[in-house]
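**Student:** For the record, the sequence lines run as chains V and B.
Its first residue numbered 96, the first sequence is counted upward by one per residue in the working numbering.
Its first residue numbered 8, the second sequence is counted upward by one per residue in the working numbering.
Be aware that a few hints might be false.
What the hints assert, rightly or not - With a cut-off of at most 25 Å between alpha-carbon atoms, the simulated DSS-like pairs for lysine-lysine come out as follows: (1) V:K97 <-> B:K227; (2) V:K144 <-> B:K227; (3) V:K97 <-> B:K305.
No lab work stands behind these hints: they were computed from the structure.
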Amino acid sequence: MKARIADIQSLGPAIKRLVLAPSGAELFPAASAGANILLEIPGPERVWKNAYSLVSAPGERNRYEIIVRRVRQSRGGSAWLHDHAVIGQELEIGVPANFFPIAKAAKKHLLLSAGIGITPFLSYLAALQAAKAAFELHHCCRGEEAGLFRDLLPQSAQAVLHTSRNTLDLVKLLSVQKLHTHLYVCGPEAFMDLVVATALRLGWPRAKIHEESFGGATGGAPFIVKLARSGIAVQVRADETLLEALQNAGVDAPCLCRGGACGVCELPVLEGVPEHHDHFLSEQKRAGNTSIMTCVSRAKTPELVLDF
Amino acid sequence: MHIRLKPSETFRGEFLVRNSDEAILRFPFPFPEDAYMYGVNIEPHRRGGPSAAYDAVFDLDEHYIGECEDRALTLIDDPARCQVLPHMLAAEWDVVELLMESLATDYPELFQLSKNGDDWRWVNQPLGIDQCFTFGNPETLPYPPFEYITRQVQGDFTIQDQRDGNLFMDGGMVTSQADWSLNFDLGMSFHEWHGPVPLAHELGVFDRALQYLLRLQLGKPVRRLNWTLTVNPRLDTSPENYPLWGPDKATITPENVGEKMCLRVELQTLTRLPRSNAILFGIRGYLIRLNELVRVKKFAKRMHRVLRDLHPEIAEYKGMPRYRQIIVDYLAPFDDGAVLSSGTAPDQASL
Numbered sequence: 096m097k098a099r100i101a102d103i104q105s106l107g108p109a110i111k112r113l114v115l116a117p118s119g120a121e122l123f124p125a126a127s128a129g130a131n132i133l134l135e136i137p138g139p140e141r142v143w144k145n146a147y148s149l150v151s152a153p154g155e156r157n158r159y160e161i162i163v164r165r166v167r168q169s170r171g172g173s174a175w176l177h178d179h180a181v182i183g184q185e186l187e188i189g190v191p192a193n194f195f196p197i198a199k200a201a202k203k204h205l206l207l208s209a210g211i212g213i214t215p216f217l218s219y220l221a222a223l224q225a226a227k228a229a230f231e232l233h234h235c236c237r238g239e240e241a242g243l244f245r246d247l248l249p250q251s252a253q254a255v256l257h258t259s260r261n262t263l264d265l266v267k268l269l270s271v272q273k274l275h276t277h278l279y280v281c282g283p284e285a286f287m288d289l290v291v292a293t294a295l296r297l298g299w300p301r302a303k304i305h306e307e308s309f310g311g312a313t314g315g316a317p318f319i320v321k322l323a324r325s326g327i328a329v330q331v332r333a334d335e336t337l338l339e340a341l342q343n344a345g346v347d348a349p350c351l352c353r354g355g356a357c358g359v360c361e362l363p364v365l366e367g368v369p370e371h372h373d374h375f376l377s378e379q380k381r382a383g384n385t386s387i388m389t390c391v392s393r394a395k396t397p398e399l400v401l402d403f
Numbered sequence: 008m009h010i011r012l013k014p015s016e017t018f019r020g021e022f023l024v025r026n027s028d029e030a031i032l033r034f035p036f037p038f039p040e041d042a043y044m045y046g047v048n049i050e051p052h053r054r055g056g057p058s059a060a061y062d063a064v065f066d067l068d069e070h071y072i073g074e075c076e077d078r079a080l081t082l083i084d085d086p087a088r089c090q091v092l093p094h095m096l097a098a099e100w101d102v103v104e105l106l107m108e109s110l111a112t113d114y115p116e117l118f119q120l121s122k123n124g125d126d127w128r129w130v131n132q133p134l135g136i137d138q139c140f141t142f143g144n145p146e147t148l149p150y151p152p153f154e155y156i157t158r159q160v161q162g163d164f165t166i167q168d169q170r171d172g173n174l175f176m177d178g179g180m181v182t183s184q185a186d187w188s189l190n191f192d193l194g195m196s197f198h199e200w201h202g203p204v205p206l207a208h209e210l211g212v213f214d215r216a217l218q219y220l221l222r223l224q225l226g227k228p229v230r231r232l233n234w235t236l237t238v239n240p241r242l243d244t245s246p247e248n249y250p251l252w253g254p255d256k257a258t259i260t261p262e263n264v265g266e267k268m269c270l271r272v273e274l275q276t277l278t279r280l281p282r283s284n285a286i287l288f289g290i291r292g293y294l295i296r297l298n299e300l301v302r303v304k305k306f307a308k309r310m311h312r313v314l315r316d317l318h319p320e321i322a323e324y325k326g327m328p329r330y331r332q333i334i335v336d337y338l339a340p341f342d343d344g345a346v347l348s349s350g351t352a353p354d355q356a357s358l
């Protein structure tokens with residue numbers, strides 16, 4: 096769908112809010128809490144496809160809002176949105192998809208986020224408050240961004256901002272929750288790993304822990320991928336994902352969410368060891384190293400051979 | 008699309024219902040090949056297909072009024088045919104929006120929808136309805152939202168909640184089913200409600216179908232066809248009412264098979280719902296008597312071959328053993344053995 100940039104607001108030195116409106120007469124489709132959209136960002140050499148959580152209220156059809164942090168060593172997408180995007184410009188966007196929905200059967204929702212990981216929870220808050228659901232939000236950020244995030248959070252005792260490790264007692268917080276509480280985590284990989292590992296250690300069932308990853312699709316060490324069926328070899332640069340490298344080489348590789356969540360881009364690995372960054376493969380499959388989610392994962396070995 | 012709606016038809020009692028020539032030619036025939044086996048036969052639900060039944064998002068035909076009346080009668084006797092679990096309220100409104108917008112777009116001469124913010128006005132001319140309501144406020148409609156709109160659309164509907172990597176049948180309007188019960192299946196997971204289907208579990212059909220559906224995208228609905236045989240054009244062949252229709256199976260003779268035996272086809276659509284992230288499963292049923300079906304030469308020949316060679320377990324599941332041979336014998340004279348085109352188009356423009 097075509098969307099027009101209706102407004103750009105600077106929320107802080109490296110964080111902007113973009114408001115998108117439908118280009119034509121037709122409204123956007125409604126979206127559910129936790130949904131994201133894929134934005135096509137026209138870079139000078141190539142088009143970036145980045146997924147951003149919608150922060151506008153679920154059900155809103157007149158506009159979509161996203162919040163974009165300018166990523167240090169950006170692969171290009173967020174830097175372009177910060178430096179070149181202007182009001183009135185048209186962009187191609189995908190329809191909303193949701194790989195991080197609210198668990199409707201939960202009696203209480205415990206939301207833990209860090210940094211820009213707050214974004215999916217901004218749409219959650221609208222839905223949870225409208226449904227008068229029990230929830231608790233704990234958001235962690237650096238001290239210099241406290242003001243910015245305080246403005247984004249609701250004025251409520253249920254939403255707590257932490258700017259120091261000392262104020263969030265993770266073990267205590269996760270220990271006192273009652274049985275029908277669901278835990279949602281979004282933020283940098285280290286933060287998510289810590290929260291999830293702590294919850295599992297305390298005996299939380301896996302089915303009650305929900306994760307949304309951010310920044311998983313950034314670069315890493317370059318490597319070479321070989322496709323066994325076609326015999327094609329592709330260099331994966333430090334600033335692109337395996338999936339992007341394949342698609343840039345003209346390979347019609349499957350994909351959907353581009354965030355390691357949906358499972359569509361899974362390809363079988365014949366040789367080499369993948370460096371898994373996804374949230375889809377089971378521990379067993381991960382350990383077996385027999386398949387890879389090309390949208391976020393990379394290689395531990397200089398070369399990967401895929402059955403494709 | 009101009010449709011001549013029939014004013015009064017009955018799908019019970021005297022069964023005063025027939026398909027016009029146009030309805031026979033647009034019938035969504037389910038057999039693209041001469042042999043039938045289960046598979047994940049899912050394709051994108053785009054406008055247009057081998058017959059006019061694929062031209063709208065939710066197809067409406069000449070039987071619209073009679074089918075809505077039959078649903079209302081069934082609900083009077085058994086209100087449990089429409090149930091929605093409380094956590095599906097957002098999905099109920101998703102369905103109201105989707106069905107009203109689709110009908111108003113596809114059949115503007117029959118349905119009109121106007122909106123001023125959340126103040127909506129819905130006009131359904133065939134059923135004489137003119138309703139103002141507030142979108143999102145259930146108290147402004149005479150029925151709960153999902154029941155309200157599905158009383159006005161042909162075909163059954165279920166809504167599936169998506170959680171824990173599975174789908175759960177957490178609501179539905181089911182009054183024209185091929186022998187399954189919403190009251191029994193409500194709350195079941197994908198594999199649970201498909202439990203009775205033979206062979207397909209072993210083929211991995213349901214594992215693959217579930218993985219596919221969990222990734223169903225907004226704005227990209229999909230469809231598939233399913234079929235069975237029903238004695239008499241009866242919509243409500245439910246387990247709850249088995250005593251009313253079960254005995255009909257024993258009444259089939261070579262003399263009446265063409266008139267009484269019907270092919271029942273379900274045009275099933277699956278649509279991701281925007282606010283709830285749930286999935287709407289539409290089961291749009293079509294009934295055609297064999298003596299109507301055989302007027303399309305290709306349908307008669309292919310139907311003969313499929314039923315003659317059908318796997319015995321599938322025939323058993325579809326309740327056919329008692330009269331399968333009578334049907335095959337009835338169809339055989341129409342089949343000259345000619346090679347048929349693949350696909351389901353009727354290959355003739357008139358009857």
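**Student:** Each hint needs a verdict: does it hold in this structure or not?
**Tutor:** Cross-check of the supplied hints:
no.	hint	in the structure
1	V:K97 <-> B:K227	17 Å, holds
2	V:K144 <-> B:K227	20 Å, holds
3	V:K97 <-> B:K305	44 Å, violated
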